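Asks: Residues per chain are reported as follows:
There are 2 protein chains.
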Amino acid sequence: MPKNQQIILDNRPTAEAVVSNFKLVSSETPALKDGQVLVRHHYLSLDPYMRGRMNDSKSYAQPQPLGEVMIGGTVGEVVESKSAKFAVGDKVVGMGGWQEYSVVDDNQMGMLRKVDTTHVPLSHYLGAVGMPGVTAWYGLVKIIEPKAGETIVVSAATGAVGSAYGALAKARGCRVVGIAGGPDKCKYAVDELGFDACVDYKLHKDAASLSKALKEACPNGIDGYFENVGGMVLDAVLLRMNAFGRIAVCGMIAGYDGQPLPLTYPALILVNRLKIQGFIVSEHMEVWPEALKELGTLVATGKLRPRESVAQGIAAAPEAFLGLLKGKNFGKQLVKLV
Amino acid sequence: MPKNQQIILDNRPTAEAVVSNFKLVSSETPALKDGQVLVRHHYLSLDPYMRGRMNDSKSYAQPQPLGEVMIGGTVGEVVESKSAKFAVGDKVVGMGGWQEYSVVDDNQMGMLRKVDTTHVPLSHYLGAVGMPGVTAWYGLVKIIEPKAGETIVVSAATGAVGSAYGALAKARGCRVVGIAGGPDKCKYAVDELGFDACVDYKLHKDAASLSKALKEACPNGIDGYFENVGGMVLDAVLLRMNAFGRIAVCGMIAGYDGQPLPLTYPALILVNRLKIQGFIVSEHMEVWPEALKELGTLVATGKLRPRESVAQGIAAAPEAFLGLLKGKNFGKQLVKLV
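Chains F and A, in that order, give the protein sequences.
Number 296 in the working numbering belongs to position 296 of the first sequence; there are no gaps in the numbering.
Number 1262 in the working numbering belongs to position 262 of the second sequence; there are no gaps in the numbering.
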């Protein structure tokens, strides 16, 4: 029985999440029953949605229970199998949580999926060719429905969702403008991710100033926006939306801690006949095969080269996660566990 | 040549609109050219959208020019005709503006439409069987897309849009809950307009309190909301929206004067995967025939009995309009001109 290091949620944040909300514990992996496999995790995915789960409030999902292993996506390798569906050595993606190993029943539909690492590195199944990629795909294709020539904006542009969104929008003939924090990320968005322009929100201290910068980057206004951030950035974008613009709302990191951030000019929804729509990608499993196919092709052909921020070892997960919430990561935030 | 009394926009509001923004003037109606008709207005419609036009700011429509007759819908009778399309005595609906007479070219598509007053009183073509009715229809049918059994809410429930919305939603098997100001309006909504319940927002001084009252009136939550007001009411409704709820945004009266009113909890858009969509009914002329047919039938069969607030004489229009913005009207606000 290998020893399994785990991170549990020890207590809930009162305002900003802190390292002491988490606790590192250790256990033996249990003996497998029939139909079960033991997966050794190679990478753990850290994602903004986890912050919402840490609160004990009404949301679209159950709160993360105290004293249990934090929820999280993982990729890894089957190291022991009592299932006819999985063989030792299979590469798999699943929801193994913040721990080094997980035991999975093979009859839990969709909990574990074999993946092919011939053309796509294993870690990318947690990012561009995983949940974040499909999130970008759904928001762009199903909510924003872009036409060639339209101007399409995304916040957190160099993150896992943003970079996939950029590649998907470029493939549809759009002008793609990112919003990111700092000159390095903005340069990366343009030079490596193929964005047409990228605005550094850290240079602006209010929505009016950021909105002016967006006007320069989007001379024809904004037709579609993928909301990852909320707060000042959303206010600034709203001021530049064209008539009949569409906004897909997927994350509002800026509002997870403490007080909610208001939307300053809701009247613009009417003035510009906007559609604003929230979604959770796990509720739209029917699109995953189509989305993953396109995303896998973009990665395999080099049109989407997602960047990763990799923390080392399960004990580093809490600090890496808090950094993600503050935008300290540069690309998809992972924790390497082997 | 009959004398034509007119109300022009004399100066723009600096904050709240006031009577002195308007000016009553008088002119002779001009001699008709070929293809023109002279319409004597029986009723002028007063509508919240006019407040937006009074500002000189970017909006979906051009601002009302200073010194010109205020824009507005009218119904009336053709009193002189040099057009083969209209005869003296025809009852017509058009956009004649705040004046007693208008001259209309018969080749201005859609500017003048003959109506049948056999089963529908002429004035209702400015309300339930006119622009406000179609507004309710579009928001309900095309944006909210209600299913039987869902709970559907509307603010300004006894107004022209709200009362039509209520009848249309009842016809679709929904639970229909209104929000209105004062016990008389709430009683009327339930007793006369067929709402299942109506919440008096004036009994509540903040969104949290109003939201509690909505919880009682909507024990199964809110699936669709038609936004006529904005501000505190929108905040309160958002707190009660069910997952996958839809909000049609048509008016935000509360924000027309002075400072914009923020939306306090935009994160709920994500949490409850809401769709919020703004629209202007004049951009969807393709639905008018279908909508007017249903609305006309509801009125003719007594299932929609819209109430009217009627001011007397063109000089009374400014004060009646300002009252409308404050919710002083009870039902569709009209000005009777004959």
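Calculated directly from the structure, the hints in this document are not laboratory data.
Honestly, I wouldn't trust all of these hints.
On the chain A side, residues computed to face chain F include the following (Cβ under 10 Å) [to be verified]:
hint	residue
1	V1018
2	V1019
3	L1066
4	V1069
5	I1071
6	P1146
7	E1227
8	V1249
9	G1251
10	L1261
11	F1330
Some chain A residues flagged as far from chain F (calculated, every beta-carbon gap over 12 Å) [unchecked claim]:
hint	residue
12	K1033
13	S1057
14	L1122
15	R1246
Model, not experiment: these values are computed from the prediction.
Heads up, the beta-carbon is just placed ideally off N, CA and C, and yes, glycines get one too.
Asks: Give a verdict on every hint.
Replies: Evaluated hints:
1. V1018: 21 Å, violated
2. V1019: With a minimum Cβ separation of about 24 Å from chain F (threshold 10 Å), the hint on A/V1019 is violated.
3. L1066: 21 Å, violated
4. V1069: 24 Å, violated
5. I1071: The hint is violated - A/I1071 has no Cβ within 10 Å of chain F, the shortest such distance being about 17 Å.
6. P1146: Status violated, d = 17 Å.
7. E1227: Status holds, d = 8 Å.
8. V1249: 5 Å, holds
9. G1251: Given a least distance of 7 Å, the restraint on A/G1251 holds.
10. L1261: 7 Å, holds
11. F1330: 24 Å, violated
12. K1033: 35 Å, holds
13. S1057: Violated, since 9 Å does not exceed 12 Å.
14. L1122: Holds, since 30 Å exceeds 12 Å.
15. R1246: Per Cβ check, A/R1246 is inside 12 Å of chain F; nearest 9 Å; violated.
Checked against the numbered hints above, the structure violates hints 1, 2, 3, 4, 5, 6, 11, 13 and 15; every other hint is satisfied.
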